[in-house]
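*Asks:* Per this note's numbering, the sequence shown starts with residue 34, numbered consecutively.
Worth flagging that the hints you see were computed from the coordinates, not collected in a lab. In this text, a Cβ means the ideal position worked out from N, Cα and C, and glycines have one as well. Any given hint could be a false lead.
As the list claims (entries may be wrong) - Straight-line Cα separation of at most 27 Å, DSS-like style, residue types lysine-lysine; simulated pairs:
no. : residue 1 : residue 2
1   : K134      : K144
2   : K39       : K72
3   : K130      : K142
Said to hold, decoys possible - Between beta-carbon pairs, the in silico distance windows are:
no. : residue 1 : residue 2 : range
4   : C59       : E106      : 38 to 46 Å
5   : Q48       : R131      : 40 to 48 Å
6   : T81       : Q48       : 15 to 23 Å
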Amino acid sequence: MRTSPKLLLFASRMQVSKFTALGALCHAWMIADEHATGKGFLEGLNFTDLNDMVGIENLAESMALVGWIEEVEEGIQFLEYELHNGAEAKVRAQAQKRQAKRRTRLASKAKDFSRT
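Working from the sequences, and respecting the hints, build out all of it.
*Replies:* So this is what it looks like as structure tokens:
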């Protein structure tokens, strides 16, 4: 995300640095992770609500401009939410952590054998 061209467009649209934009974006996604449905839907909220929750004007409109969210009559939909925050994404993240630990253990054992 931090190297995405969308982030630069997002920051430019809000007239903030890319670091401020990234922090604001993380805050918005954390709100979604905590309050959205499993499919990334924030029911009953509109763009003004999300802007107020994060504390930055035009945040939601800028997110929509680059294709991260859309406002519908019933609320806000985070697009491709399940790819990043859904149950499958969490399973992938846990599997990556397990695999990293396994690789560390195997590397440690390989070093022990090389000393004999």
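*Asks:* Run every hint past the structure and note whether it holds.
*Replies:* Consistency of the hints with the structure:
1. K134 - K144: Measuring from Cα to Cα gives roughly 16 Å; hence the hint holds.
2. K39 - K72: holds (22 Å)
3. K130 - K142: holds (19 Å)
4. C59 - E106: 38 to 46 Å: Since the Cβ atoms of C59 and E106 sit about 27 Å apart, the hinted range of 38 to 46 Å is violated.
5. Q48 - R131: 40 to 48 Å: The hinted range 40 to 48 Å holds for Q48 and R131, with Cβ atoms some 42 Å apart.
6. T81 - Q48: 15 to 23 Å: holds (18 Å)
This entry does not satisfy hint 4, going by the numbered hints stated previously; all others are met.
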